[in-house]
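Modelling step: build the complete structure from the supplied sequences, incorporating the hints.
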Amino acid sequence: MVLTTNGVLGGLLQEDDGKTSAQRFTSEDGVANVRGRVLGGSSMINVGFYSKPDDQFYNEFGIHSDMDASRISDSKGQLSAGAIGSPQLIFLSGVGPLPYLLSHKVRVVSQNANVGNFMTDNPCNIINIVVPFALDPSVGQVVGIISDFNYIEPLSSGSLRLVSSVDIKVNPTVRFNYFKDPKDLSRCVRGTRLLSGMLKTNAMEGLKFEYLEGAEGFTFLGPSLPRNLANDASMEMFSRSTLMTFWHYHGGCLVGKVVDVDLRVVGTNSLRVVDGSILNTSPGTNP
Numbered sequence: 001m002v003l004t005t006n007g008v009l010g011g012l013l014q015e016d017d018g019k020t021s022a023q024r025f026t027s028e029d030g031v032a033n034v035r036g037r038v039l040g041g042s043s044m045i046n047v048g049f050y051s052k053p054d055d056q057f058y059n060e061f062g063i064h065s066d067m068d069a070s071r072i073s074d075s076k077g078q079l080s081a082g083a084i085g086s087p088q089l090i091f092l093s094g095v096g097p098l099p100y101l102l103s104h105k106v107r108v109v110s111q112n113a114n115v116g117n118f119m120t121d122n123p124c125n126i127i128n129i130v131v132p133f134a135l136d137p138s139v140g141q142v143v144g145i146i147s148d149f150n151y152i153e154p155l156s157s158g159s160l161r162l163v164s165s166v167d168i169k170v171n172p173t174v175r176f177n178y179f180k181d182p183k184d185l186s187r188c189v190r191g192t193r194l195l196s197g198m199l200k201t202n203a204m205e206g207l208k209f210e211y212l213e214g215a216e217g218f219t220f221l222g223p224s225l226p227r228n229l230a231n232d233a234s235m236e237m238f239s240r241s242t243l244m245t246f247w248h249y250h251g252g253c254l255v256g257k258v259v260d261v262d263l264r265v266v267g268t269n270s271l272r273v274v275d276g277s278i279l280n281t282s283p284g285t286n287p
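So the sequence shown is numbered by my numbering: it starts at 1 and just counts up by one.
If you are wondering where the hints come from, they were derived from the structure by calculation, not from laboratory data. Everything numeric in this text was worked out from a predicted model, so none of it was measured. Heads up, the beta-carbon is just placed ideally off N, CA and C, and yes, glycines get one too. Keep in mind that a hint or two might mislead.
Cβ-Cβ distance ranges computed for the label pairs, FRET-style [stated by the list, open to error]: (1) V108 / L221: 46 to 52 angstroms; (2) D232 / Q111: 43 to 49 angstroms; (3) I129 / R107: 51 to 57 angstroms; (4) N269 / L194: 49 to 55 angstroms; (5) R190 / D262: 36 to 42 angstroms.
See the structure below:
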């Protein structure tokens with residue numbers, strides 16, 4: 001599949017006919033999502049996100065920022081199948097909770113109760129506004145995160161489990177447990193109220209349509225903000241009903257739980273995991 005600049009995100013929106021580069025799945029939370037096509041070639045050339053986390057990220061992560069990459073590259077096996085694929089393959093390779101692996105008739109190589117756990121996805125709620133003028137449809141060439149940007153990680157996490165132990169192409173089940181921690185929902189409500197305040201500023205006046213003489217307002221594409229922003233129940237319902245993914249999911253093979261500080265799978269001699277499944281937090285963009 002070849003993507004142009006204008007269509008770089010189109011693959012995420014295509015119908016899944018079994019041949020597209022993106023493979024659709026829906027979490028047990030009911031949120032639609034996509035992953036790279038299993039055994040179908042979903043690598044991207046000259047399109048990607050490069051993140052250089054700060055020192056605090058590495059300290060909390062549990063590895064060194066100056067890790068010797070040559071030592072990692074010399075390992076006999078490297079697994080980089082993403083936060084969905086890597087825990088799935090680790091399970092199928094015989095690493096995981098003993099009773100669980102036996103129930104799927106998988107030969108046990110090493111017992112580890114943490115495989116597939118601590119799955120996290122940053123919840124996203126978007127308000128779409130139709131603007132009264134034409135926009136350039138091309139996407140940006142560079143995505144930047146400013147230094148004082150407040151990036152809020154969810155406190156809630158979930159798990160991944162196998163559906164099939166014989167067909168790798170079958171998506172595992174995933175539950176991210178969005179808003180399980182009440183603090184996550186409270187943050188979302190506060191953020192939505194902040195967004196409402198931004199819409200009332202002078203800078204947003206040029207984005208309004210004139211409906212009747214002397215009456216202007218925003219035209220929303222999809223859900224609009226609740227009318228009663230002071231009502232917590234309405235705001236929480238809005239947060240849940242508009243919940244979507246921002247494709248930042250990570251976890252399942254965390255450092256210190258499934259892999260060691262050298263990213264080697266605990267209980268194996270040389271297999272290392274080098275993708276977003278080892279992260280307990282997002283580095284700032286899509287891991």
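Here is what the structure says about each hint:
no.	hint	in the structure
1	V108 / L221: 46 to 52 angstroms	51 angstroms, holds
2	D232 / Q111: 43 to 49 angstroms	44 angstroms, holds
3	I129 / R107: 51 to 57 angstroms	55 angstroms, holds
4	N269 / L194: 49 to 55 angstroms	51 angstroms, holds
5	R190 / D262: 36 to 42 angstroms	40 angstroms, holds
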